[in-house]
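Trainee: Chains U and E supply the protein sequences, listed in that same order.
Letter 18 of the first sequence, counting from 1, is numbered 38 in the numbering used here, and no numbers are missing.
Letter 9 of the second sequence, counting from 1, is numbered 613 in the numbering used here, and no numbers are missing.
Warning: the hint list may mix true and false statements.
Computed spacing ranges between beta-carbons, pair by pair [stated by the list, open to error]:
#: 1; chain 1: E; residue 1: 703; chain 2: U; residue 2: 455; range: 51 to 59 angstroms
#: 2; chain 1: E; residue 1: 703; chain 2: U; residue 2: 375; range: 33 to 41 angstroms
#: 3; chain 1: E; residue 1: 703; chain 2: U; residue 2: 362; range: 27 to 35 angstroms
Quick caveat, the hints were computed from the structure, so don't treat them as lab data.
Ideal Cβ placement from N, Cα and C applies to all residues, glycine included.
What follows is each chain in one-letter form.
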Amino acid sequence: MAGLGRLCLLLALAVCAYGIGASLYGVRRGRVEFSESGRRSVYALAGILTVAFVILEIAFLRNDFAFNTVADTSSRTTPAFYRAAAVWSSQEGSLLLWAWLLSLWASLALFLTRKRMRDVAAYATAILLGFGGFFVSLMVFYATPFATTRPAPAEGVGLDPLLRFPTMMIHPPMLYSGYTLCTIPLAFGMGALLARRVDAEWIRAIRRFAFAAWLFLGIGILLGARWSYSELGWGGYWGWDAVENASLMPWLTGTAFLHSLMIQEKRGMLKVWNVSLVLATGTLAIMGTFLVRSGILNSIHAFGGATLGVPFVTLIGVLIAGSIYLVVSRRDMLRSEHRLDSLLSRESIFLANNLVLVGLCFVIFWGTYFPLISKALTGQEASVGPPWFDRYTVPLALVLVLLSGIGPVIAWRRATLANARRNFLAPVLVALLTLAVLLASGVQQKPFAIAMFCCGAFVFASIGQEFFRGVRARRAMANEAAPVALLALVRRNRRRYGGYIVHIGIAVLFIGVAASSSFQHASELGLSPGQSTRVGAYTVRYVRPTATVTPKYDAAHTGSTLSLGAVLDVTKHGHHVATLLPSEGYYASQEASQGSVGSLIGGQPVSHVALDGGVTRDVWTAIEPDIETPALQRIVKIGNRTLPPEDAVVAIGYLARAYLQHPPQAQFHFIVSPLVMWIWIGGLIVFGGGLIAIWPAPSAVRRRVSMRSRARAAHGLARA
Amino acid sequence: MSVLIVLIALVLIAGVIFVVSAPLRNANRPPAGGAAQQQLEPESAERHELEVAREAKYREIRDAELDYRTGKLSREDYEAVDGALRTEAVEILNRIEASAGE
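Take these sequences, add in the hints, and give me the full structure.
Mentor: Rendered as structure tokens:
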């Protein structure tokens, strides 16, 4: 099977090389059949890489440790659920996932554009195959997923315990889908520049893919944050980690593009800006992949080795240089067709929103790459931490939320001050009322949080007003009941109202972030059974210890050999709130020097967080048991001396019993954070709105609208 | 097992060659939908661009109407914007008609 996998990679490389040549020859010589053949090469690539991916999946599910990748990142004790996801935990598997997803999305994009923009699509085909070829080359020459060792080891190292978490099944594919989808607008943008066809058509062709990239990247980021919050023992959801930032940057520029593309579609303006945003988003997506896979910057999310730096840097250099050359050399064609009619217009607000988003991206870029920049300039690696990021991003985030409330109530092209006054009156009053309530309730010491709550209230009011007025107008026109009018309004204006729902979700999400980060109570201390502590308004009592042994029955079903934890009773004002069961899993290692018993629990211990989530607050707990006590270590030493590996688990049973009978003091981390759940709810609202906006309008409706508009435009002929 | 793998490999290679070479094999045959379907002429590409611009203009007209109905535009502003948009739409329609007549 490994041989077939290797053959697939070689075949894929040949197909990429042929497809690039055929596409370029076809478009340069006007030979459509060659361009068509190039396009079909992308389909073939998708088919080949699907076979390769299935081969690797089968190897993981069958515990075929002859595959080095399987032996390095899986084991028999890894649950089947996680074995399926272990494919992308390895360097080689994640490269294959990247290339496979790219080929699938590229096939879809090229299939949907097969009958239009043949010249642009031919260049885009060559560029997409170039990306595919790059990743396949990495697998052929640097990190092949199909390398084998004979005879095969009897057991594998196992999946990194940090990755044994349900969201990790879908977080990487979502993120990689986002990254790979980002390359499609980039390829078509470059194709449009190369073909010198920079009208709105290429924008229209890739709009849905840009939206899908934004959606998948956003879901991936949110799942990563959820993983960080629920799995990593530090209690946060965002730590300005290099890899987190790497995924956020293309999302920010992608968000900017989704706004500014509307201006190009409607007014033929911002062509340079739009094409630059598309190229920057695609390049940042490649840089994001580079950060995860190169290990060049320290990150808790980076699982790659340090072997792929040079090829990635070369690719990024070519992309940046090529992008600059194309934009500069085509600048005459990228002139705006119109100018801004008024500074008080939705176009102006979109421009401001773009500047804030790009500003945010720049700040994050600088902070993320500062260790590399400082090393290049001074020879010493220095890094910036969360306070540095917060200092610049919090004010920008405030402006962003405010603009997301201003934009929807301002008209395209021009708005008058009188109209603006009327439209802003209710939202401003709601924001002021929120401020008064917050100040009256004594929340004064957190100005940024208060400002975010007021901006959020402004957004809710302005968008609520938009929905209300839209429904009222619809009811006046069609005499429909309010719910029917609301549905019809959203259905007929999906992009507009889907976008408004996204804005509400963003405001909800930022309110959750502001509240949970500003009004959090945290405590780290050691407790013995029976002892308790106060965290905010809550009392947490360590009732008794827990212990489970064997891979099959560990508390979190993650394949740990031993899991030690605690039963915690959480009360508020004497009333029971929740019983929480945090634990720490101990995993087997491959270190023979740790002895037969020591190696069963000698891997990286992983905290399994227990939390009681609610709409008003989360009570978050984590435990770090002490297994280094002399009594417990004596059991390990005796077991190492006397028990062969097949019986070593008996000593782990003794160790668990001893821990339960004489539990040592354990270290606990308690956090009570308000409104955390609203971060996840806000995310769901954002993606719900995004789906509404991306969903294609029913063709019948489109036809009807088109015919009606045509009739009205014809009627306007008389008036014009 | 190895025979099966060799067979799969051969099928895969044959399938790839079949899929990728199909347009080259069919190049000498007359296209099913006429020449226009086989190759987009510059004129039809321009016409397609105009049709895209027309759809965008219709959407803009609808958006302006919704802005007016939801109180974001005064009647005077709406009439001015709507008039300008319709003029632009008519220009596009004229260009489409002209390109169809050529």
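Trainee: Please go over all the hints and tell whether each is borne out by the structure.
Mentor: Hints, one by one, checked against the model:
| no. | hint | result |
| --- | --- | --- |
| 1 | E:703 <-> U:455: 51 to 59 angstroms | holds (58 angstroms) |
| 2 | E:703 <-> U:375: 33 to 41 angstroms | holds (39 angstroms) |
| 3 | E:703 <-> U:362: 27 to 35 angstroms | holds (33 angstroms) |
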